[in-house]
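Peer 1: Put chain Y on the given structure of chain F with help from the hints.
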Amino acid sequence: MDSYWALILPGLVSAWNLLVMKAFFENLPAELRDAAKLDGASDWQVFWDVVLPLSKPILATIGLFYAVTHWNSFFDAILYITSAEKQPLQIVLRQLLQAGNMNEYVDMDTRAAMPLQSLRAAAVIIALVPMLIVYPFLQKHFTKGVLLGSIKG
Amino acid sequence: MNYSAKGERLFDGTILLVLALLCLAVIIPFWYIVVMSITPLEVWTNTKTAFFPPLNKITFAGYEQLLTSWRLPRSFGVSVFITLFGTTLNLLVTMMMAYPLTLPTSGSGHRSCSWSSSPCSSTAGSSRPTFSSAIFT
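If you're matching them up, the sequences are chains F and Y in order. First residue of the first sequence: 35, per my numbering; consecutive thereafter. First residue of the second sequence: 4, per my numbering; consecutive thereafter.
These are calculated hints, taken from the structure and not from any lab test. All C-beta atoms in this analysis are idealised placements derived from N, C-alpha and C, irrespective of residue type, glycine included. Just so you know, not all the hints are guaranteed correct.
Said to hold, decoys possible - What follows is a set of in silico ranges between Cβ atoms, one per label pair, in the way DEER data are often shown:
#, chain 1, residue 1, chain 2, residue 2, range
1, F, L53, Y, V21, 31 to 41 Å
2, Y, F14, F, Q79, 53 to 63 Å
3, F, L166, Y, L95, 19 to 29 Å
4, Y, L58, F, W39, 44 to 54 Å
Unchecked claim - Facing chain Y, according to a computed beta carbon distance under 8 Å, are these residues of chain F, among others:
#, residue
5, L41
6, L52
7, K56
8, V85
9, W105
10, P122
11, L123
12, Q151
13, L153
14, V158
Isolated chain F (complex conformation) (with noise of 0.2 Å):
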């Protein structure tokens, strides 16, 4: 309980994510591990060696997924997250958007300056901007990662 450890674990591994990479390692051609195998590399190393550089399409792509999903996660900081100096992003922001106060966030000297709505949308501009910035980093990945074709590489 109030740990970061609570937000993180619960949801370590989703199925479906893991079949989507199974599928995905599924299709990378066999007779790369046994040629790896061949010249004598270990489980690990053709694990980490062979397998690991083929497969970034997929990480990237179920990598966005899961940022995503802990970026937007909120439900679980309410469960579990009690201290207020641990709450992470969309916590914050709902109380702001449903305005309990606003006097954590502003002091009432500047406050006059600025209507509440639009202290409300530059919060959701602010919680918003990271993740339309990394969209299109990962996106030429997508076709690749999530699509499952034949030969990878």
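Peer 2: Using the frame of chain F, we list chain Y on its own:
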């Protein structure tokens, strides 16, 4: 494009129109929020709407106030940490569960072992309340 009939042109035009409307439906709310976040109070009290940006009165005071408060930047950092660290862990574990499932069995039954351990344990998580899965995972 080569149109053979008037009907086809009409058909394409309708599709384009519908798609453009859908596109607007996505963009306009976003635009509204962006404009609202830079609208100062005196403009807001006059217009009560925020569709056209008040070009000569744009203010970033809202961002300034939020970013100088302690809670928002703090929670932003927390979110970034959870996202980065959590995603790394997610990927590592998912990868390590998925890869053994693709290997041919050696006859010792370890494959059925990893099958039973990985997807079942993670799908079963959804059949019970998440707050108990925090204890069991």
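Peer 1: Run every hint past the structure and note whether it holds.
Peer 2: So, going through the hints one by one against the coordinates:
1. L53(F) to V21(Y): 31 to 41 Å: 35 Å, holds
2. F14(Y) to Q79(F): 53 to 63 Å: 58 Å, holds
3. L166(F) to L95(Y): 19 to 29 Å: 26 Å, holds
4. L58(Y) to W39(F): 44 to 54 Å: 48 Å, holds
5. L41: Where the cut-off is 8 Å and the nearest Cβ of chain Y is about 5 Å from L41(F), the hint holds.
6. L52: This interface hint holds because 5 Å falls under the 8 Å limit.
7. K56: 4 Å, holds
8. V85: Constraint on V85(F) satisfied, holds at 7 Å.
9. W105: 5 Å, holds
10. P122: 4 Å, holds
11. L123: 4 Å, holds
12. Q151: 6 Å, holds
13. L153: Given a least distance of 5 Å, the restraint on L153(F) holds.
14. V158: 6 Å, holds
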